[in-house]
Amino acid sequence: MTFELWTGLITGQPALSVLVWLSGLIVVMYVARQPVHQMILSLVRSIRNTLRLMAQSVMLAEKQLRNRNREVLLAQGQEHAERSIEREFQRVEALVNRDLSGYPSLQRDLEEQITRIDEDYTQSGEVPPKPPEWLKAIEAVAEIPDNGSSVVGKILSDIHNTLKKSLHKSIQEYRRANRERHNLLKKMMPYWRSLTNSLNSVEKKITGLEQRAAIIDSQMQSYENIRQQADFSERLLSSSSMTQFFISGLALGLALVGMYVNFQLVALPMEEMVGASSYLGSSSIRASDVAALFIISVEIILGLFLMESVGVTRLFPIINLLDDHKRKAIFWIMLTFLFIFSGIEASLAYMRDMLAADREALSQILSGTDVAEPALRWIPSVGQMVMGFTLPFVLAFVAIPLESFIYSFRTVSGLLGVWLLHMLVVSIRFMGNVIYGIGRILINAYDLVIFIPLKLENSFKKRSAVSLEKLVEKPAKKYAEIELSENISSKVDELKEAER
Amino acid sequence: MKRIFLSLGLSLTVVLMLLLGCSEPRSKKAVYVLVDTSGTYSQQFEKVQGVMRYMLGTLLSGESLALARIDSESFSEKDIVARMSFDLRPSMANAQKRAFLESVEKFGSDILPSKYTDITGGLLQAIEYLNETKATEKYILIFSDLKEEIKQGQVRDFPINFNGTHVVAINVTKLQSDNVDPREYQQRLDAWAARVKQGNGDWKLINDLNRLEAIWD
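Protein chains in written order, with this note's numbering: chain R, 209 to 708; chain A, 2 to 218.
Simulated from the structure, these hints should not be mistaken for lab results.
Backbone N, C-alpha and C define an ideal beta-carbon position, used for all residues, glycine too.
Not the full set, but computed from the structure, chain A residues with beta-carbon under 8 Å of chain R:
no.	residue
1	61
2	62
3	98
4	102
If we strip away everything but chain R, and leave its shape as in the complex, we get (with noise of 0.2 Å):
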């Protein structure tokens, strides 16, 4: 119908139709360029417009967005530095308690040792008895000559003798007075060892405190940085929160592979329990599958206590707010309950080994083949229930990654919905400006399709402006002929009233 009527303008002549046609749909196209145009435009404009604004808002939402990850973020740095520096000082205290506990009987032992020290010097210090004074009167005496009298030589023979003796008495005394002291200063020597010892000890305790409070003062200095809110402290705890997502959830990755082992060794006996061919409503999820998932569950959780109450997680402040008493008393409850759990297991992992050896006994009568008992049938069966008394207590550890996975994946998914707007925002602006490129050209477009009247427009334009032109020019050029003409009258008239 439409091609008829394209080509059926002029009977026989369908080409010229078309040609008619044509001409007349660019006659109109060309009238109505303008406000054809205008609409592109205005189209166009208004839609990049509604972009623009949707972009601006997105932008917001961005925005806003990074500073609550930011605040987030930096509350939870603060909060682990807080934890890192109470965990310190508990560790200084710690050591405090431990080794300065014994500096009263410490100082003890130093003050006797020093006494001692003491009353050994003060003793090795004694001087050894002088010689008697009378000694120096006998020695003149003894320096008389005898003239000869051989009485006066007798009393001075003597008298040298009784000195000789004296002298060697008083050098007898002597060297034992100084082999005295000298035993004392020898005694002295293990104190002197002790003392070293002590004081090295003491050294070394201080140099431990030293290096602590070293280390506090680090992780001081980056929790002031983080109150502070520095960019840096914020690009440092996104690293750490990124590595800490990928560590946890590699963990986490490792946990549920050994749910599965755990979920293969309960499923198949809770057959026994809840029925094997039952149902969660007209699902097709069984019911022995959710029972075993339940108590997989129950042990999870029971880890999950079990951790906070030693202070080994923070997912539930109630319990962190627990005096230590109770805190014991979860403890103890908690571990009863896990290894009840786990002894449970154990009887099911050690029935699922029957369970299976039956309906291999089963499947093999089936076939018509004889019932073999293989060798070491009881290597599997003990090994599974190692395995189920075991598994439990190592999902208890589940909550040490979880509690990571679940603070870092608060930053991870923050830092990916920031990065998701910003993608949002990129697409938006780029498609804004797109629509605007279409609308531009489809003016071309429109404009290429009326090239033949527009061409036209164009030399008929032309041509009036080259006659406007001429028009123009020669009132001007008689214009500036008048001008010209007016100012030499006007220089020959100041030259003539200048003469004058």
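Got chain R; can you put chain A on it based on the hints?
Quick look at chain A alone, frame taken from chain R:
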């Protein structure tokens, strides 16, 4: 956020526990195996045993299985060799399967050929049993040449309500007369297929015992 995670986990556990309380079997199969003991068919019991072993290996806890013979008057409880609804506990179900297999083997060793073949009576008995099991999928497996021979005076020519039961003819043997005119064999099969379909049942023929899983298709 961590509180939300934990409360969600706990709520989920509670919901699952509540669902567990009202759990019920989703799909339940019941199979009734009819064995023709007339003529030469009684000598093919090994094939029946193979199918019974397959059934015992395939059926799960909570599902039902019965074995009955087709003889001169099959609409009777005395023709049921063994019937069992397997316990929900796998260990008990395994014990039941062993006992069932023993019954089958005992029946195979004591089998006596019957004079007539009351297939309709056997089917009626099977439908009655299957309806009682309240199974969601009901199957009747027939080991027979499908040639009904009834005593004089017995009325078997009436429509049967199969109530959605799948009727599977297994190992339908050809008679001497079928060799003379093979159309008889096909006519016999078509007649039974039409009768089952008219009674709101589903008809299937499996002659290859190596693809028994086709029973459940």
